[in-house]
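Chains as they are written, first to last, in full-length UniProt numbering: chain Y, 1 to 1144; chain P, 1 to 119.
Simulated from the structure, these hints should not be mistaken for lab results.
In this text, a Cβ means the ideal position worked out from N, Cα and C, and glycines have one as well.
Treat the hints loosely; a few may be bogus.
Pairs of lysine to any residue, SDA-like flavour, derived with a Cα cap of 25 Å [said to hold, decoys possible]: (1) Lys462(Y) <-> Gln475(Y); (2) Lys69(P) <-> Ala203(Y); (3) Lys224(Y) <-> His35(P).
Derived CB-CB ranges, DEER-like [said to hold, decoys possible]: (4) Gly68(P) <-> Ser249(Y): 35 to 43 Å; (5) Phe428(Y) <-> Gln91(P): 45 to 53 Å; (6) Arg775(Y) <-> His35(P): 25 to 33 Å; (7) Gln99(P) <-> Phe72(Y): 14 to 22 Å.
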Amino acid sequence: MPPPRTREERDHRDRHHHRAPREEEAAEKWDWNCPETRRLLEDVFFRDEDYIRRGSEECQKFWAFFERLQRFQHLKAPRKEEKDPGHPKRGIPALADLPRAYDARYRINLSILGPDPRSCQGPGRRLPPERVSEFRRALLHYLDFAQKQAFGRLAKLQRERAALPIAQYGNRILQTLKEHQVVVVAGDTGCGKSTQVPQYLLAAGFSHVACTQPRRIACISLAKRVGFESLSQYGSQVGYQIRFESTRSAATKIVFLTVGLLLRQIQREPTLPQYQVLIVDEVHERHLHNDFLLGILRRLLPGRPDLKVILMSATINISLFSSYFSHAPVVQVPGRLFPITVVYQPQEAEQTTSKSEKLDPRPFLRVLEAIDNKYPPEERGDLLVFLSGMAEISTVLDAAQAYASLTQRWVVLPLHSALSVADQDKVFDVAPAGVRKCILSTNIAETSVTIDGIRFVVDSGKVKEMSYDPQAKLQRLQEFWISQASAEQRKGRAGRTGPGVCYRLYAESDYDAFAPYPVPEIRRVALDALVLQMKSMSVGDPRTFPFIEPPPPASLETAILYLRDQGALDSSEALTPIGSLLAQLPVDVVIGKMLILGSMFSLAEPVLTIAAALSVQSPFTRSAQSNLDCATARRPLESDQGDPFTLFNVFNAWVQVKSERNKNSRKWCRRRGVEEHRLYEMANLRRQFKELLEDHGLLSGAQAEAPRDSYSRLQQRRERRALHQLKRQHEEGAGRRRKVLRLQEDVGSSDEDHEGPASQRADSVDIQDVKFKLRHNLEQLQAAASSAQDLTRDQLTLLKLVLGRGLYPQLAVPDAFNSGRKDTDQIFHTQAKQGTVLHPTCVFANSPEVLHTQGQEASGREGSQDAKDQMSCRHQLLAFVSLLETNKPYLVNCVCIPALQSLLLFSRSIDTNGDCSRLVADGWLELQLVDSESAVRLLATALQLRARWESALDRQLAQQAQRQRLGQEEEAESPAVSPREMATLSRELLQFMAAKVPYSLRRLTGLEAQNLYVGPQTITTAPSLPGLFGNSTLSPHPTKGGYAVSDFLTYNCLTSDTDLYSECLRSFWTCPHCGLHMPFTPLERIAHENTCPEAPREDPGSEEAASAAPQKASALQRPYHCQLCGEDFLFTPTEVLRHRRQHV
Amino acid sequence: MASEAEPHPLGMFECQLCALTAPYSYVGQKPPDTHAVVLLEESYIMKDPFSSDKARFLVLGARCSVCGKLVCVGPDCSLFYSKRVCLPCVQENISAFPQEIQQDVEKRKGASKRPSSHP
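Generate coordinates for the entire structure from the input sequences, incorporating the hints supplied.
Here it is, written out as structure tokens:
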């Protein structure tokens, strides 16, 4: 597009043109570099319909070429005269008409049809003809050059492909695949299997090829590379499909996709009819999903004899895969690695001297020194150091940076997954001449990230891996020795571009003692999600599923038990409606439950955000932890309610910033130490959750957009078009270019060194922002975000209830002595793990007083009681998302919830003593209530609320499941749960939560927990308390003793050291309804009140009572219409009495 | 998107000398999608795979006007001097070409020994 011309420009040009016809003068003054001259020529030759268009990148390239050509001809011109024009002899007739006088023009096989300036009108007429032909000639040479260049690239590409080690095996792979259903292709890094095998299939005529990758990033980069190599970079033959992005179309022949996504496709279409060939790449990495996929395929193949499968693996344990598929043939391809020298440098001596936990950085520095001494700086080659974790990286980073500032020969860069994306990208930048990069990395650089130019590798031999403790449901990050396979992989990183050196900081004997292979993921992680997926795919009993290597039976049992506890499986281990829905949500069971519960209480919007926030890595950057400015800027977003609410606030505030024009969200994030990339992920995930809930009828579909006036519609369309154009421009610009690193890269304070370039780039496109605005309806998001600010207290309480119920049983109780401890020493106990601490990112870590009950109220009633038996009605529990053990066990993402009510509503088991003043939840938390009457009432209400909540949820899900079966069309049906029913339930839940009953809370000691129950009684007298907890029948509990009231409540089963006869003490009481006057124990009195035939019945119109049939009569509070004052109330029978007295 | 209008390959072009293969989408002297350029020989062409501009084309090769072999435009296989001639035919009839071409062919012979890195 030509820039708009100003008047001055035009004047200037006119003057120029006046002169142009006077040729002698023009010849002298002719200047190819004059912008006006160039513009004039462009106007003539580079029109929109021409091969090169003015203003394009091509146009710039042409002028660059033109300048070079001018210089070249200037040099050559004088010599041309001296040349003796040869007289070629006549040859064969075909060559008879070759032009005799040589001219370079004859070597060009094309001709330009552009306008002839002599005949055309317009500005071109004023150009001197010989200049025009000169220009034409240059253009011709340029086009020829461009052809040669493009052809050269094509030829080079083919040469490089042909030079790959796998090229010799292409035909053999295809031939073997013709004869067998499964082929194993084994080859080491660099042999080209991931890029070439799909192309061989394409060339052989296959058109429905799927290639799975363990990582999303690999899907994108492979699709790009294979598209480029197969010359369809700008076509659609090759595509990728990952969670939120797809470039797949009907024309796509090869698709790269994640294993998880393929499994979901199998879930929908178990025989995978859409594919002819399936390539499963990186099977040796033994990811959980890959192992499962192999099992699925083994079962599927007999039913799909036409489906071909290629397993691709490094040369690790190949026989395992081959024999798993009834001895599938193996095509083994040698890798292409340059020789690597291995140097063993065991460090025993030092390790004994420094007893501290911290890693000793000296051995690493010694390697840096050795490299400096041995290799001249002009010999390029960078260093990659493998360390076990982030703490180790920062230790070595400090030391290495000190060394680097001394020698000026190193740029030291960390690389781990918690770094911001921009900081991660730095490892791909190049060091200035004479300086080497030293990259300190976790095992992320072992397979996931490939950095070119590495010549030296230092291998610490250690790795930190997540292990899973099924008993404690605890994730543990522990340091291990690596396997021999990993050690080889690490070593191999030094030999990708030339011969290299690998320094192993352990002895050769250590290496020999390493396990041959890493522990497969299936043996290390929680299997809940896997079991749920297996159930939803109906693959049968997970215990007998033919895994390539079975998981530990204990993990399977824990997972099954957990899913049963969560209500995803029933007692026969079949999928429940909630389970089948959870199986379709690509999240943790806990978070899936929140989504379902939230949408029932019309809290979908906030829950969507919170669920998304809890499913991505924390957006808070580590470097900002210590940064005071960041902490201050973040403070207003922090919530006393807990981390999920802080994340909720951050996301909402960010959306607001996004929707305001001219506000830079990138800057906003940086100031608060927030990694914006995570917020984009949240937005994507949130949208996916929303669609899933809509698909399942749990959320009414997107409302039709409010009618807008034509102006704003036009405006919107224009904006979208502009965004699309920005995106296209960005994509054509090939994205990020490599930069040269600065020597004193100040990594610690990445914020400052971003500030510079970012503000210079202020006008450049934030492509993430563009993509975000294209993908999401910002207005909708903003509406949701601003409605979040108006959440009422009640909504907030319900939201916490939803989170709590989702997170249960992941609860922790504050230690009794916390209020006397320092902020950093606050301790919490979970059922399985004592002495956990808050994660430093946790909001309560900075303000633990929020969780203390002391000082918040006068609770001195029991003055003699010590702190741990504190009576209060404000005890809080922490519900947490995960428990992570590194150097300490940390609670991650905590919400505080009121203890008594939450336990009554969520606990799987509640046991009581005779007068219900002592309750034990799930066998580990004891609650003592002062007032046994209110205790009984709360219990009865909890029983009834739980039943109704459960029933509403079941009906909702059952209807959804049925609708799914029948097809989507029958929406007209009345909803299974009426909005009125949910409104009533919410109201009553809120009243329940608001109950102010003082109680004490403590964790039982191990001994107490063991001797909790009276045990089965020999004399089982039928309880004389009908109706105490509604009309559920009480039956003696077989193991605990006492009476089972419902599936979670057991009455009077707790052993007690108090007076055995206290519960028999009766006092005279008169029933206000029937006038009965006799001695009652407190419980008998309540039982009578609940069953008194004269007591006011509940409103016959309330449908929820009918639906919650078993607990019909148990509500203590009932709607009450007073005929005297004409008002409606919710009253317990005693309250009714009290109210009536007012009117007397 | 432009992908919908992707040109369908007519077939595979294969150089009979170096075996370079690539799908071609047009044979002739008037490349489709552009009116600004004509070719001076019957060429096998494809859409330039390295450009997003669908008007840009890439000449893969043509028939040798002496022996009729299909050859690519690579400097090791053929040259163009007002017509396409494959390198073996050039060598056989080297005297029919002007000196500049003769020198050039000499140079190529030396260069093709080592893997050329054509710009």
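Notebook entry, point to check: What hint numbers does the structure not satisfy?
Noted result: 3, 6
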